[in-house]
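All chains should be modelled from the sequences, with the hints used to inform the complete structure.
Residue numbers (the numbering used here), protein chains in the order written: chain B, 1 to 424; chain G, 425 to 728; chain H, 729 to 1012.
One thing to keep in mind: the hints can contain errors.
[What the hints assert, rightly or not] Quick list of in silico lysine-lysine cross-link-like pairs, DSS-like style, CA-CA up to 30 angstroms: (1) B:Lys156 to B:Lys298; (2) G:Lys481 to B:Lys86; (3) H:Lys780 to B:Lys181; (4) B:Lys343 to H:Lys780; (5) B:Lys35 to B:Lys343; (6) B:Lys61 to B:Lys343; (7) H:Lys856 to G:Lys481; (8) G:Lys582 to H:Lys856; (9) G:Lys582 to H:Lys780; (10) B:Lys73 to B:Lys86; (11) H:Lys1000 to G:Lys523; (12) B:Lys322 to H:Lys958; (13) B:Lys343 to H:Lys790; (14) B:Lys86 to H:Lys856; (15) B:Lys86 to G:Lys485; (16) B:Lys73 to B:Lys298; (17) B:Lys281 to B:Lys156; (18) B:Lys156 to H:Lys780; (19) B:Lys420 to G:Lys485; (20) B:Lys297 to B:Lys343; (21) B:Lys181 to B:Lys298; (22) B:Lys322 to B:Lys343; (23) G:Lys632 to H:Lys743; (24) H:Lys780 to B:Lys281; (25) G:Lys485 to B:Lys107; (26) H:Lys780 to B:Lys73; (27) H:Lys856 to G:Lys485; (28) H:Lys790 to B:Lys73; (29) B:Lys107 to B:Lys420; (30) B:Lys35 to B:Lys322; (31) H:Lys958 to B:Lys73; (32) B:Lys86 to B:Lys322; (33) G:Lys523 to G:Lys632; (34) B:Lys420 to G:Lys481.
[Said to hold, decoys possible] For each label pair, taking beta carbons as the anchor points, the in silico distance ranges come out as: (35) G:Trp473 to B:Gly352: 34 to 42 angstroms; (36) H:Ile758 to G:Gln428: 55 to 63 angstroms; (37) B:Ser89 to G:Gln489: 32 to 40 angstroms; (38) G:Phe483 to H:Pro902: 32 to 40 angstroms; (39) G:Leu565 to H:Arg836: 53 to 61 angstroms; (40) H:Arg910 to G:Glu614: 20 to 28 angstroms.
What the hints contain is simulated information worked out from the structure, not anything from laboratory work. Note that the structure is predicted; figures quoted are calculated from it, not measured. Here a beta-carbon is modelled for each residue, glycine too, at the ideal position from N, C-alpha and C.
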Amino acid sequence: MKKNLVICLLVLMAGSMVFAGGSSESDAKEESSSKVELNFWSWRTEDVDIYNELIDIFEAKNPGIEVNFTAYKNTEYNTILSAAIKGGSGPDIIHLRTYGSLETLAKPGYLMPLEDKVPELSGFGETVLLGATSASDGEIYGVPFASQTLVIYYNKAIYAELGLEVPETWDEFLDNLDAVKAAGYTGLANGGKDGWTLEILQGVICPNFYGANDFFNEVVAGDTDFTDDRYRGSLEKLLELRPYMPDNFMGIAYTDMQMLFINEMAAHFIGGSWEAGYFGKENTALDFDVFAGPVAKKGDTRYVSSFADSSFGMSADTQNSKEATAFLRFMASTEAGQFLTDKLTMKSDAPGVVFSDPFLGRVGDLNENNTPYIMLVGFRYDKPTGSELLQSLLQGMMADSINSTEVVSQVQEGVSSWYKPFQD
Amino acid sequence: MKNQVNKTFWILFFILPGLLIVTIFIIAPLFMSMFNSMYSWVSIDRDRWVGFENFVKIFTKYPYQDRFFNAIGNNVQWFMTTMFVQNTIGLLFGYLLFKRIYGSEIFQRVFFIPVLFSVVAVGFLWGLYLNPNMGVVNRLLNDMGLGQWAMAWLGDEKLATPSIIAVNIWRWVGFPTLVFYAGFNSVPMETVEAAYIDGVGEWRLFWKIMFPLIMPAVTIITVLTLIGSLNVFEQVYTMAGLDGGPFYSTDTLGTLFYRTAFGGIDTGLPEIGIGSAIGVVIYVLTFGISAFSIVALRKREVEL
Amino acid sequence: MIGDLRFRNSGIIGKALIVIFLILMIGYSILVLFPLFNMIISSFKTTREIFKAPYALPEIWKFSNYMEVWNKGGFGGYFFNSIIITSLSIAVVLLFGSMAAFGIARYRYRLSNLVYLIFLAGIMLPLKAAIIPLFLLIRGIGLMNTRLALMLIFTAMSMPATVFILAGFMRTIPGSLEDAARIDGSNDLGIYWRIIMPLTTPSIALVTIYNAVPIWNDFFFPLVFIQSDKLKPLPLGMSVFFGQYQISWHLLFASLSVAILPMLILYLFMSKYFIRGMTAGAIK
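Below, the structure is given as structure tokens:
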């Protein structure tokens, strides 16, 4: 029996070596040229072609370096990345999530601090760098990619048809929604099945009711908390939008929302600035524009929530730090930023980028009064994150299972379990 | 003496290859994750030994406690519904096929087709059909004048889990059907014929003779349903997302585990220690309950 | 045959029941075939059309969807990889699994329950849960980025349920057959191969399909363990269609329709053996 066991194991090992040898042999053949290969991972499967074009530009300037861009499915990206980095086979260049999610890799030291290596970083705005800075040690770990802004999209054709104007106040907005609904359209494409779309809804509508930056700064410092009436009251505004949402809106998922707006069945879509590219691509005849979340009364400053979308970082264990640095410096350049802005219709944060697309121009204007997208920026540093709590609780609120007081008290309880300023 | 050695050799010969693979690739990682659950973690790095602290957290601290018991409740719902709906229908269909009902040749081929779809495909397709406004289910209800029954199937807290369970039953009912069909067919013909000749009625024939004789099949199906209900993950993930929406009503131990251990898509952060602890609880529960059922059901198996 | 459900054999209640049951079964069959046809039809539409007119026939039959899907980076290669990985995994699972089931079901010894439970422990472990230790293990034995790693994992994943089901069926085979064979001088291997295996053909067919489908459709393990594009199996190749915010539904449906074909073929093939095994079992 022991003999059989040994033979079995030997066969297994020999077999595995044959196969393992097989794949590394062919890899060796590819690497016979003396190029340095960098692996660049991301979750943006939509943008693979664009990134490859950008990489071609980089490779033309840097003939000894080859960059392999691989995009993984968004929902699995974090897991794959963690498993690979822990196992020592992570990528050299990493597309990083921002704020709290950055900590997952930054805190245990898996990322390379970039301040010294990439001097171009000093040209980026401070708020923009915040998304790529680790809260635990204050180091910058990523070259910011783009900022996203949360807005209200509207269908210009429907507005023209019904003679509507861009609303400024909340009441004007509701009046428009009434008119649209009376004409047989759906007022608002938004639904509740995907909790994160409700968080975005909150991000667009609520800041103008809870006091935008004033409230944000107070809450982050611990001088007030989420049970503050300002915040709670702002959530109640969301309830007023329910009559204008599609029938059975709790069953409407993100894709349904997009399709309702794209197919011109809904007049408004509350979402992020990243939608524009998709809307335009899917329905080239769609005439749309954006406005910011409405204010309580005329004359109030009108804020939009914004946040840093992602950044490009470098693995601390990379074998090719010189080449990786070269690539990151390229990504921080105006040229790269301009390229990505033009091709992806995203608002790159690189200094010197010009927004020729009118849509981006408008978003830029709206951003003159911006406020941090509260949960993403301030409260994703530990679990349970403010975002995950808010998403599910808002679902409960919109479905009338719980009220706004319940929502804020549970958010508060969850976040204060790890958020130090709340614990004094 | 030689017979004993001979027998041992043969036993080992047959079970060793499979046992080896399962031990290396399943049992070993299982123990590793139990090991992981006894530590606290700094994001993805192991920190210090904390013994059972993670387990205590699951059962007592907000929000873990709420989510955990909520999820278990849903798993129980999965098991009960699947057991009573899916397996009863499977038993019925299996028996009808055995009785060569008209068209059984075609039915037995068609019934298993849903199993061939990937879970992702099933999730999408049924997600579309259950869409509250465009879905075929609600459209049919409206056309038939039953408009008030047209709800937000996947969006309503009370209906979401039953809807997903229904889809899962749609997918899997062919399996117990065929297993029971095979089971009934392995009952020797003489027994069945003898019963008919003796004038035993259909009802008694089924309950007193056929059913007891397929106990091994019943055991298989019951235990697999049990394990499946405790581990269900992908079906819920594709139809309701990782967060068990809406408002945790579809959350199961599987999604809770995945979300805790690996973090939500971009909202959550991985908590490997607590996640592993939840995983361990899942294993222990599944193992314990399955072992118990197997022993209990094995006793009822009748050998001819 | 005696006991068959026929109208002429039944009284009024019997006839009514037969009709009800038939309605149930036909209803379920419609419920089964409709999504299949719907998926195939949707694969010829544009993304917008899929949502705008989900149940109508496509306005224009976009065969280009299939061309696009095939061209997006070596779909043919992905297909080939899936076939290799799935068929080899199934072959190994059937061999080792039936052997193990035989070793558990046909011998009486003290540890048989323990061995059985070890295999069962495998069913209960959601292998995804142990992904990080598994990852380190695979890397440790040098099998990262190989198809062999996937095969081993899939085999391990499928083994417990296979053993469970096959052992269950093997137990129902009367001991008398085995005794007769021994008297005739057959050794254990012969008993396994010539007596027990042929009699469990229906369950083997069942287990083959039961295991082949999740292996064929799995995308999580290939995602973690395969980095080279040329080794990717089909589901991984398809995951490219899922963007963070945008999903190419038309391409997805096209690729899902392509992906289900081998499983359908395998199934139709297996169902023949399943049936054959059924009738063989009846005449014992």
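- Which numbered hints does this structure break? Violated: hints 16, 20, 35 and 38.
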